[in-house]
Amino acid sequence: RILTANLDGSGLAVLSTAIFNPNGIALDPSVATLYVADHTDGTIEVLGTDGSGPTTIYSAGVQPIGVGLALDNGPSSPRFHRGDANDDDLVDISDVVFALAALFIPGSLAVGCEDAADVNDDGVFDIADASYLLLSLFVPGSFPPPPPTHPDCGFDPTPDGLDCVTSTCP
Numbered sequence: 005r006i007l008t009a010n011l012d013g014s015g016l017a018v019l020s021t022a023i024f025n026p027n028g029i030a031l032d033p034s035v036a037t038l039y040v041a042d043h044t045d046g047t048i049e050v051l052g053t054d055g056s057g058p059t060t061i062y063s064a065g066v067q068p069i070g071v072g073l074a075l076d077n078g079p080s081s082p083r084f085h086r087g088d089a090n091d092d093d094l095v096d097i098s099d100v101v102f103a104l105a106a107l108f109i110p111g112s113l114a115v116g117c118e119d120a121a122d123v124n125d126d127g128v129f130d131i132a133d134a135s136y137l138l139l140s141l142f143v144p145g146s147f148p149p150p151p152p153t154h155p156d157c158g159f160d161p162t163p164d165g166l167d168c169v170t171s172t173c174p
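Counting from 5, one number per residue, gives the positions in the sequence shown under our numbering.
A hint or two may mislead.
[What the hints assert, rightly or not] The calculated label-pair distances, taken between Cβ atoms and stated as ranges, are:
#, residue 1, residue 2, range
1, A114, G145, 31 to 41 Å
2, D96, A132, 16 to 26 Å
3, G111, P149, 30 to 40 Å
4, P110, G145, 28 to 38 Å
5, T170, G111, 27 to 37 Å
6, I131, T170, 32 to 42 Å
7, G145, T170, 29 to 39 Å
Keep in mind that the hints were calculated from the coordinates and are not lab data.
Quantities reported herein were computed from a predicted structural model and do not represent experimental measurements.
Heads up, the beta-carbon is just placed ideally off N, CA and C, and yes, glycines get one too.
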């Protein structure tokens with residue numbers, strides 16, 4: 005994560021969740037942004053993965069004051085397979101049944117990766133996800149296949165409040 009704070013440590017806030025390189029480079033795929041820290045002039049620049057930029061988002065002026073990007077090993081979601089609600093490494097009718105049970109039958113097993121169960125990637129795990137998967141599995145052309153990460157394992161490209169605690173993806 006990219007964190008901002010005052011020099012006295014107050015005002016700590018998350019600027020972005022990103023994948024880091026210890027050399028002062030951070031990639032945030034959720035917003036297609038690359039952050040670069042320059043220790044010689046005290047700047048942090050943003051480059052869009054679409055080729056836009058660089059744009060300076062922070063500058064300490066001509067005298068650097070230790071500007072940099074630090075690796076924060078905070079919690080991160082594992083890779084997952086969108087549509088694989090029951091985490092058996094397949095996307096099929098059993099995922100629909102598992103998701104519906106988790107949603108509507110008290111005492112059923114909870115979904116271990118809500119991002120995987122969020123088949124339509126709208127940031128909410130609900131009955132619309134089971135419907136979307138049913139239609140995409142059995143009514144060709146009615147809906148497109150689930151959005152990324154489907155059909156492979158990957159990270160959620162959409163920032164949302166859903167969590168992925170367990171996953172069979174490597």
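_Taking the Cβ atom of T170 and the Cβ atom of G111, is their distance within the range 27 to 37 Å?_
About 19 Å separates the Cβ atoms of T170 and G111, which means 27 to 37 Å is violated.
*Take a look at whether the Cβ-Cβ distance between P110 and G145 falls inside 28 to 38 Å.*
36 Å, holds
*Range hint compliance [Cβ, D96 to A132, 16 to 26 Å]*: 19 Å, holds
*Determine whether the Cβ-Cβ distance between A114 and G145 falls within the hinted range of 31 to 41 Å.*
33 Å, holds
*How does the Cβ-Cβ distance of I131 and T170 compare with 32 to 42 Å: does it lie in that range?*
Violated - the Cβ-Cβ distance for I131 and T170, about 22 Å, lies outside 32 to 42 Å.
_The hint says 29 to 39 Å between G145 and T170; measuring C-beta to C-beta, is that right?_
For T170 against G145, whose Cβ atoms are near 33 Å apart, the range 29 to 39 Å holds.
*That 30 to 40 Å hint for G111 and P149 (C-beta), does it hold up?*
32 Å, holds
In terms of the numbered hints stated before, the structure departs from hints 5 and 6, listed from lowest to highest.
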